[in-house]
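Novice: Chain residues, written in single-letter form:
There are 2 protein chains.
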Amino acid sequence: MSWKENVRRVTPYTPGEQPKNTDVVKLNTNENPYPPAPAVAEALRDIADGYEILRKYPDPDSGLLTNALADYYDVDPDRIFVGVGSDDVLAMAFQTFFDSGKPVLFPDITYSFYRVWCELFRIPYSLIPLNDDFRIDPERFCIPNGGIVIANPNAPTSIALDTASIETIIRSNPESVVIVDEAYIDFGGSSMLPFVNKYDNLLIVQTFSKSRSMAGARIGMAFGQPELISCLKDVKFSFNSYTMSQDVQRTGAASLSDGEYFSETVLRIINTRNAAADRLKSFGFSCPESAANFLFVTHDRLPAKEIFEALRARNIFVRYFAQDRIDNYLRITVGTPEEMEKLYSALSDITK
Amino acid sequence: MSWKENVRRVTPYTPGEQPKNTDVVKLNTNENPYPPAPAVAEALRDIADGYEILRKYPDPDSGLLTNALADYYDVDPDRIFVGVGSDDVLAMAFQTFFDSGKPVLFPDITYSFYRVWCELFRIPYSLIPLNDDFRIDPERFCIPNGGIVIANPNAPTSIALDTASIETIIRSNPESVVIVDEAYIDFGGSSMLPFVNKYDNLLIVQTFSKSRSMAGARIGMAFGQPELISCLKDVKFSFNSYTMSQDVQRTGAASLSDGEYFSETVLRIINTRNAAADRLKSFGFSCPESAANFLFVTHDRLPAKEIFEALRARNIFVRYFAQDRIDNYLRITVGTPEEMEKLYSALSDITK
Chain A
100 MSWKENVRRV
110 TPYTPGEQPK
120 NTDVVKLNTN
130 ENPYPPAPAV
140 AEALRDIADG
150 YEILRKYPDP
160 DSGLLTNALA
170 DYYDVDPDRI
180 FVGVGSDDVL
190 AMAFQTFFDS
200 GKPVLFPDIT
210 YSFYRVWCEL
220 FRIPYSLIPL
230 NDDFRIDPER
240 FCIPNGGIVI
250 ANPNAPTSIA
260 LDTASIETII
270 RSNPESVVIV
280 DEAYIDFGGS
290 SMLPFVNKYD
300 NLLIVQTFSK
310 SRSMAGARIG
320 MAFGQPELIS
330 CLKDVKFSFN
340 SYTMSQDVQR
350 TGAASLSDGE
360 YFSETVLRII
370 NTRNAAADRL
380 KSFGFSCPES
390 AANFLFVTHD
400 RLPAKEIFEA
410 LRARNIFVRY
420 FAQDRIDNYL
430 RITVGTPEEM
440 EKLYSALSDI
450 TK
Chain B
100 MSWKENVRRV
110 TPYTPGEQPK
120 NTDVVKLNTN
130 ENPYPPAPAV
140 AEALRDIADG
150 YEILRKYPDP
160 DSGLLTNALA
170 DYYDVDPDRI
180 FVGVGSDDVL
190 AMAFQTFFDS
200 GKPVLFPDIT
210 YSFYRVWCEL
220 FRIPYSLIPL
230 NDDFRIDPER
240 FCIPNGGIVI
250 ANPNAPTSIA
260 LDTASIETII
270 RSNPESVVIV
280 DEAYIDFGGS
290 SMLPFVNKYD
300 NLLIVQTFSK
310 SRSMAGARIG
320 MAFGQPELIS
330 CLKDVKFSFN
340 SYTMSQDVQR
350 TGAASLSDGE
360 YFSETVLRII
370 NTRNAAADRL
380 KSFGFSCPES
390 AANFLFVTHD
400 RLPAKEIFEA
410 LRARNIFVRY
420 FAQDRIDNYL
430 RITVGTPEEM
440 EKLYSALSDI
450 TK
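One line per chain: the protein sequences are A and B, in this order.
Per our numbering, the first sequence starts with residue 100, numbered consecutively.
Per our numbering, the second sequence starts with residue 100, numbered consecutively.
By construction, these hints were calculated from the structure, which means they are not laboratory data.
Don't take each hint at face value.
Remember, identical chains collapse to one label, so a pair may be satisfied in a single copy or spanning two.
Straight line, CA to CA, 25 Å or less: simulated DSS-like cross-link-like pairs of lysine-lysine [claimed, not checked]:
hint : residue 1 : residue 2
1    : Lys297    : Lys103
2    : Lys119    : Lys201
3    : Lys119    : Lys103
4    : Lys451    : Lys201
5    : Lys380    : Lys103
6    : Lys332    : Lys103
7    : Lys155    : Lys441
8    : Lys441    : Lys297
9    : Lys297    : Lys404
10   : Lys155    : Lys297
11   : Lys441    : Lys119
12   : Lys380    : Lys201
13   : Lys404    : Lys451
14   : Lys297    : Lys119
15   : Lys297    : Lys380
16   : Lys451    : Lys155
17   : Lys404    : Lys103
18   : Lys404    : Lys380
19   : Lys155    : Lys103
20   : Lys380    : Lys119
21   : Lys103    : Lys441
22   : Lys103    : Lys451
23   : Lys404    : Lys332
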């Protein structure tokens with residue numbers, strides 16, 4: 100008998116590689132290729148000037164960041180919850196809302212962390228197969244369940260689901276909280292945010308990691324009606340009262356202050372993405388229409404794994420999933436036009 | 100039937116008040132009255148200069164901060180785990196190591212979050228009464244259990260437990276992980292860190308929030324043998340791969356670089372604390388010998404709640420716990436000598 104018998108055994112999520120070598124083209128973790136808004140650097144200098152304040156605990160309600168989000172999105176502060184990246188927000192939401200013992204539903208091909216959280220928190224789940232074209236069939240989510248999670252746009256497929264279909268799912272499941280994970284929504288698709296006051300069982304989760312270029316800061320948020328947010332806060336306050344550091348709250352708020360920079364960089368990524376889809380076709384790739392900052396591609400001749408390894412050998416990192424149904428696909432993050440040229444050059448060589 | 104029936108209902112931890120009014124003497128949350136090391140401000144300026152890096156996810160292993168801790172404490176990096184404050188580290192440790200279904204043991208009077216985590220994670224627990232003088236009796240922890248948590252020095256009692264007693268507890272419980280929560284250890288008492296290689300069931304938890312004046316940054320850490328740390332990381336990676344933001348890792352490492360500032364400010368607090376114990380006696384208070392940055396006081400005549408309210412009316416915040424056995428005590432954080440003079444002046448008036 101040893102302490103080891105009391106240990107919770109889990110199979111953790113495997114994040115994309117973060118190579119220490121800086122001489123790589125890193126198109127494997129859906130990071131934004133552009134820096135955060137310059138106002139973030141200014142905020143950091145302001146924090147340095149008044150660094151004494153770091154001796155104090157942050158506001159448990161993260162009021163500064165919550166209020167900045169409320170202004171930016173024109174949503175009441177009591178409809179907003181913030182956390183240490185959308186992973187933190189989602190983990191809290193799974194613990195809070197999926198406590199029925201009934202299976203939670205999400206697509207068989209989606210963000211793989213959903214399954215990891217269910218296993219960690221011992222939430223039963225059922226995988227709902229995507230259609231053959233990797234689209235979500237809303238009708239399949241209209242069966243008894245303990246909760247629903249839809250990534251929109253979905254990952255790694257890059258495909259957006261229309262709001263009418265999501266409304267169908269929400270309306271058919273008044274007894275369940277429906278989480279819509281909008282990590283990539285700023286690159287395409289339609290946000291459910293306009294419906295936040297309409298449905299009392301809708302929780303929308305977003306992040307600063309993608310469109311706001313702040314993966315390194317760890318900021319995520321959820322929008323929902325006040326009672327949902329209040330339940331989420333109760334669990335969060337049972338976990339860690341002061342999760343959002345003072346500096347991150349301020350850099351997050353600073354990022355929201357520069358709407359022009361945000362729109363401009365998002366548009367650049369969208370343009371690069373659309374050009375990439377065409378260019379990749381010329382090498383024999385095809386992909387669904389992407390509403391995200393990545394492309395989900397398959398080649399008409401070469402196995403995805405082979406291309407993945409050939410790119411890696413050239414110091415170009417993309418994401419390959421050794422998973423049923425998608426093991427002949429690659430997820431390629433949209434980088435700068437310069438990075439994409441390096442990718443095209445390598446692929447032209449690999450596929451010739 | 101509604102989504103509300105699927106919600107996890109919890110009674111969250113109540114943190115000490117964080118008054119928005121800055122014109123208060125805030126001695127209620129055990130914050131450090133001195134700023135972080137000046138190197139922290141420099142680190143923030145460096146981060147501002149290279150803020151572009153925030154677009155990238157942080158190193159999931161928080162290597163920069165882990166290595167800085169390894170150097171500072173002369174402990175192998177694979178014996179170190181870091182998290183978003185010691186609350187995050189403790190919450191992960193509870194989930195990881197207390198999975199047996201047997202009750203976890205901790206004192207009836209201790210950090211009240213232990214009970215909240217057990218309830219959140221559905222871990223059974225038994226409260227082990229402190230002696231009448233609020234000391235921990237190690238023998239009482241030598242009964243069948245699913246894990247043990249000892250805060251040393253304990254809070255809110257401020258009393259340290261000797262390492263020999265803690266070793267007794269560790270040796271008597273080879274089948275349990277023993278967590279020693281050393282949030283206040285730098286202000287007194289003896290750390291179990293020298294024993295980290297000796298016992299395979301010992302996990303030591305510390306924080307940057309108290310002695311390092313960085314409550315606003317949210318940094319906590321655990322030390323233990325590599326297998327313990329590895330189990331903890333598996334659960335953490337199942338929860339949130341990238342919890343430590345890039346900027347916080349760097350400000351934390353910067354704080355460790357200035358050992359002289361650290362020793363000097365800790366010593367100032369110890370001196371102020373010892374002087375405060377004497378001074379408070381002159382007003383009719385008594386308290387156990389404190390090994391922390393706070394005093395746990397009771398008055399020979401006036402009820403604690405009355406003093407708490409009278410201080411609050413004078414904009415001096417201390418902590419009162421409406422809890423069995425300690426509802427005639429106050430926990431008073433050690434502030435600057437100037438803040439303490441304001442406290443003495445008020446108490447002289449209140450107790451006259």
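Novice: Against this structure, judge whether each hint is valid.
Specialist: How the hints compare with the structure:
Only between protomers do Lys297 and Lys103 lie at most 25 Å apart by alpha-carbon distance; the minimum there is 17 Å, versus 48 Å within a single protomer. Taking the shortest alpha-carbon separations for Lys119 and Lys201, neither the intra-copy value of 43 Å nor the inter-copy value of 43 Å comes in at or below 25 Å. In this assembly of identical chains, Lys119 and Lys103 lie within 25 Å of each other by CA distance neither inside one copy nor across copies; the values are 33 Å within and 46 Å between. In the homo-oligomer, the alpha carbons of Lys451 and Lys201 never lie at most 25 Å apart, since the shortest distance is 51 Å inside one protomer and 63 Å across protomers.
Proximity of Lys380 to Lys103 under the C-alpha cut-off of 25 Å is found in neither arrangement, the shortest distances being 52 Å within a copy and 48 Å between copies. Taking CA atoms no more than 25 Å apart as the test, Lys332 paired with Lys103 passes between copies only; the shortest distance there is 15 Å, against 33 Å inside one copy. For the identical chains of this complex, Lys155 and Lys441 are inter-copy neighbours only, at 20 Å across copies versus 47 Å inside a copy, given an alpha-carbon limit of 25 Å. Proximity of Lys441 to Lys297 under the C-alpha cut-off of 25 Å is found in neither arrangement, the shortest distances being 46 Å within a copy and 52 Å between copies.
In this assembly of identical chains, Lys297 and Lys404 lie within 25 Å of each other by CA distance neither inside one copy nor across copies; the values are 45 Å within and 46 Å between. Within a single copy, Lys155 and Lys297 get their C-alpha atoms no closer than 39 Å, and across copies no closer than 35 Å, so neither meets the 25 Å cut-off. In this assembly of identical chains, Lys441 and Lys119 lie within 25 Å of each other by CA distance solely inside one copy; the values are 20 Å within and 52 Å between copies. Taking CA atoms no more than 25 Å apart as the test, Lys380 paired with Lys201 passes in neither setting, with 44 Å inside one copy and 59 Å between copies.
Taking CA atoms no more than 25 Å apart as the test, Lys404 paired with Lys451 passes inside one copy only; the shortest distance there is 17 Å, against 81 Å between copies. Neither within a single protomer nor between protomers do Lys297 and Lys119 lie at most 25 Å apart by alpha-carbon distance, with minima of 46 Å and 33 Å respectively. Proximity of Lys297 and Lys380 under a CA criterion of 25 Å is satisfied in neither setting, with 41 Å inside one chain copy and 60 Å between copies. For the identical chains of this complex, Lys451 and Lys155 are neighbours neither inside a copy (60 Å) nor across copies (33 Å), given an alpha-carbon limit of 25 Å.
In this assembly of identical chains, the alpha carbons of Lys404 and Lys103 never lie at most 25 Å apart, being 37 Å within a copy and 45 Å across copies at closest. In this homomeric assembly, Lys404 and Lys380 come within 25 Å of each other (Cα to Cα) only inside a single copy, at 18 Å, whereas the closest approach across copies is 74 Å. With identical chains, the CA atoms of Lys155 and Lys103 are never at most 25 Å apart, being 38 Å at best within one copy and 36 Å at best between copies. Taking CA atoms no more than 25 Å apart as the test, Lys380 paired with Lys119 passes in neither setting, with 32 Å inside one copy and 58 Å between copies.
In this assembly of identical chains, the alpha carbons of Lys103 and Lys441 never lie at most 25 Å apart, being 48 Å within a copy and 52 Å across copies at closest. For a Cα distance limit of 25 Å, the shortest separation of Lys103 from Lys451 qualifies neither inside one copy, at 53 Å, nor across copies, at 58 Å. For the homomeric pair Lys404 and Lys332, neither the shortest alpha-carbon distance inside one copy (43 Å) nor that between copies (29 Å) is at most 25 Å.
The earlier numbered hints that this structure contradicts are 2, 3, 4, 5, 8, 9, 10, 12, 14, 15, 16, 17, 19, 20, 21, 22 and 23.
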